[in-house]
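Participant: Given next are the chains, with one letter for each unit.
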Amino acid sequence: MAERAVTIPSEDAVPVYRLKVEEHESYANLVWRKFRKSPISILGGLMVLMLFSLSVFSDFFAPYDPVKLNMREGYLPPNKLHFIDAQGKFHLQPFTYAWKQVLDENMQATWVEDTSIAFPVRLFVTGWEYKLFGLIPSTLHLYGVDGYEQGGRIFLLGTDKFGRDIFARSCLAGRISLAMSLFGTFISVAVGSVLGVISGYYGGNLDTFLQRFVEFVQSFPQLPLWMALAAIIPVTWDQMAVFIAMSVIFALLSWTLLAREVRGKVLALRETDFILAAREMGASDARIIFYHLYPNCLSHIIVVLTLTIPTIILSESFLSFLGIGIQEPLVSWGVMMREAQTIQTLGFNLWIISPVFFIFVAVLGFNFLGDGLRDAADPYTIT
Amino acid sequence: MIDAQNNIILEVKNLKQHFPIYGGLFQRVTGHIKAVDGINFFIREDEVLGLVGESGCGKTTVGRSILRLYDPTDGEIWFRRSNGERVEISKISQKEMKPLRREMRMIFQDPFSSLNPRRTVKELIGEPLVIHRVASGSALEQQVAELMRSVGLDPAYMDRYPHEFSGGQRQRIGLARTLSLKPRLIVADEPVSALDVSIQAQVLNLLSRLKEELGLTILFIAHDLSVVEHISDRIAVMYVGKIVEMAATDDVLRCPLHPYTEALVSAIPPADPDIKMERIQLQGEVPSPANPPSGCIFHPRCQYAQRVCSQEEPPLVEVEKDHFAACHFAKELKLRGIGG
Numbered sequence: 000m001a002e003r004a005v006t007i008p009s010e011d012a013v014p015v016y017r018l019k020v021e022e023h024e025s026y027a028n029l030v031w032r033k034f035r036k037s038p039i040s041i042l043g044g045l046m047v048l049m050l051f052s053l054s055v056f057s058d059f060f061a062p063y064d065p066v067k068l069n070m071r072e073g074y075l076p077p078n079k080l081h082f083i084d085a086q087g088k089f090h091l092q093p094f095t096y097a098w099k100q101v102l103d104e105n106m107q108a109t110w111v112e113d114t115s116i117a118f119p120v121r122l123f124v125t126g127w128e129y130k131l132f133g134l135i136p137s138t139l140h141l142y143g144v145d146g147y148e149q150g151g152r153i154f155l156l157g158t159d160k161f162g163r164d165i166f167a168r169s170c171l172a173g174r175i176s177l178a179m180s181l182f183g184t185f186i187s188v189a190v191g192s193v194l195g196v197i198s199g200y201y202g203g204n205l206d207t208f209l210q211r212f213v214e215f216v217q218s219f220p221q222l223p224l225w226m227a228l229a230a231i232i233p234v235t236w237d238q239m240a241v242f243i244a245m246s247v248i249f250a251l252l253s254w255t256l257l258a259r260e261v262r263g264k265v266l267a268l269r270e271t272d273f274i275l276a277a278r279e280m281g282a283s284d285a286r287i288i289f290y291h292l293y294p295n296c297l298s299h300i301i302v303v304l305t306l307t308i309p310t311i312i313l314s315e316s317f318l319s320f321l322g323i324g325i326q327e328p329l330v331s332w333g334v335m336m337r338e339a340q341t342i343q344t345l346g347f348n349l350w351i352i353s354p355v356f357f358i359f360v361a362v363l364g365f366n367f368l369g370d371g372l373r374d375a376a377d378p379y380t381i382t
Numbered sequence: 002m003i004d005a006q007n008n009i010i011l012e013v014k015n016l017k018q019h020f021p022i023y024g025g026l027f028q029r030v031t032g033h034i035k036a037v038d039g040i041n042f043f044i045r046e047d048e049v050l051g052l053v054g055e056s057g058c059g060k061t062t063v064g065r066s067i068l069r070l071y072d073p074t075d076g077e078i079w080f081r082r083s084n085g086e087r088v089e090i091s092k093i094s095q096k097e098m099k100p101l102r103r104e105m106r107m108i109f110q111d112p113f114s115s116l117n118p119r120r121t122v123k124e125l126i127g128e129p130l131v132i133h134r135v136a137s138g139s140a141l142e143q144q145v146a147e148l149m150r151s152v153g154l155d156p157a158y159m160d161r162y163p164h165e166f167s168g169g170q171r172q173r174i175g176l177a178r179t180l181s182l183k184p185r186l187i188v189a190d191e192p193v194s195a196l197d198v199s200i201q202a203q204v205l206n207l208l209s210r211l212k213e214e215l216g217l218t219i220l221f222i223a224h225d226l227s228v229v230e231h232i233s234d235r236i237a238v239m240y241v242g243k244i245v246e247m248a249a250t251d252d253v254l255r256c257p258l259h260p261y262t263e264a265l266v267s268a269i270p271p272a273d274p275d276i277k278m279e280r281i282q283l284q285g286e287v288p289s290p291a292n293p294p295s296g297c298i299f300h301p302r303c304q305y306a307q308r309v310c311s312q313e314e315p316p317l318v319e320v321e322k323d324h325f326a327a328c329h330f331a332k333e334l335k336l337r338g339i340g341g
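So the protein sequences, as listed, match chains A and E. Following the working numbering, the numbering of the first sequence begins with 0 at its first residue and continues without gaps. Following the working numbering, the numbering of the second sequence begins with 2 at its first residue and continues without gaps.
Derived from the structure by calculation, the hints contain no laboratory data. Since the structure is predicted, the reported quantities are computational estimates derived from the model, not experimental observations. Heads up, a few of these hints could be off.
[Claimed, not checked] Dumping the calculated DSS-like pairs for lysine-lysine here, alpha-carbon to alpha-carbon at most 27 Å:
#1 E:Lys335 <-> A:Lys264
#2 E:Lys123 <-> A:Lys33
#3 E:Lys335 <-> E:Lys277
#4 E:Lys99 <-> E:Lys183
#5 E:Lys14 <-> E:Lys123
#6 E:Lys123 <-> E:Lys99
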């Protein structure tokens, strides 16, 4: 009869385990490391950053006051930047010519550059006064030309009907477009994520009801609904109230995507051991939802967030183009597009449509950013 | 069957945990999975009861039902609190259960999924302390550091995330979390099954040592008899939702009274490679808990089965002193344990 001999190492002292001394990586660090490996994501980030700079510091980038009316200079074409003058001489510093209208052989008015005076472009010039962040007065502008009385101008994207510099106005318009999309996205994400988590966690009848509600909202035709809601906004409301109302309207129809995604993630997470452990130690439902489930949904939320922003930018542009929502004197990219509605205007003054490039850069930038974040946001999965 | 001894900390009477099966067009209840089907056992204070059985026998469900992570279908669960008061917890609300959770905790099986990947070690271990408002701020940090030291982890790493640790270390983190409220009863649900064998030994030894130091009572759930043997004072054997044998460790292993236990024990490899193993190969398949056999649940696979076995369910009775078995022929059968 053999004795069972089982040898197990005995321990008198408790071994203290030392980890390999590695750089401690927080979640944000891990995400950033993965993110910066993708050049297109970096590009998207830079595009977004550039637009935000242009918008926030729009007065610095604007050689002329975008709000001041200047009827005598309406519909001027963009000033071209020249390095070689009419005599063929090369100048390192670019310069512009003023435009003058002449009648050609068919008695049609056309624009011709007046090459008699060259206006060199200078950087960091003194110009019209503005208040940085609405507080600090300044007269510094990034670029400009001298010789205003002789007709020196630098309208990089031309002027609109009222003689306002389109480039300056586009930068200013970015404030409303970006702010509205950010605010609307924030509301949308807040509503969508909370409803999604509750729906997924509690399940049962509450879940069924919320999902039917989501489907109900999604089956609405968006444009007619927006038009109807925007039409309800009283004209007597001030600008701030209109801004908030429009943001809420956009958020109302875009929260459903996040609600579904978060619900799906929560359904999967609900069965994991760490949620069971939370219940085992007596955590309340609220704690489980906000302390445990929410952070694990963060990657989904971030991605949908960065993809909702361009959606709202486009929607706002569309509505403003139709004349609904944002009205003068507030300016957004969509409002600027309103002037480009007739064939004649567009035919004669094609530069009116240039705000569309700002929209293009914004949407593309946020999409690249969102794609990059989607790949980077889950650093725990080893690809 | 169980006399009212003063030092019984947990007593389970006729516990049943059935899960409904939904089917058909309207998702009606078409049957039940009888994961736990009427079990009786008790644990004395400061002892380790090993609950063994193969996968799917219901042992994990027993652990979760005791801690009220499920609502038991039937039966009674009696728990003796630190102040000596005996409470029946099978039907109380979760709100009433919360203060009891400080005294009865669980260790989870999977070290990879039982820790929230987005929370630091400090937050994970300290969470029970926060939920039950035991400590906060620097006092919390102190206690977490103390807990980490007691399980063999360096407190300097409390700001790290679980993915930066190995499996054995994560299980230690889970252990620290379980011990944070100084519980008296611990349900250890296969705490070493997911670890390498060498790490298993370390964690088991740690558990033993902590048990002695802190005066813990442990319900040790496992499927590996050799692991259970090392740490348990008594062993209960489960099969398809029922306990078939319960006795002191040595008695179960050397002189089993139930044929299923005999088969399990015969499969333990002896340490001496020269000893020829005579494993009993059970015929047939494990029955589905949704459709258990009549009479004795083991009778379709039992080599000693008689007619009565398919007709009457044998109750778990005390066949010898402190040795319970659920078999009609427990007294007659001469079964073989370890060591002949």
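Participant: Each hint needs a verdict: does it hold in this structure or not?
Facilitator: Quick rundown of the hints versus the structure:
no., hint, result
1, E:Lys335 <-> A:Lys264, "violated (55 Å)"
2, E:Lys123 <-> A:Lys33, "holds (26 Å)"
3, E:Lys335 <-> E:Lys277, "holds (20 Å)"
4, E:Lys99 <-> E:Lys183, "holds (15 Å)"
5, E:Lys14 <-> E:Lys123, "violated (39 Å)"
6, E:Lys123 <-> E:Lys99, "holds (22 Å)"
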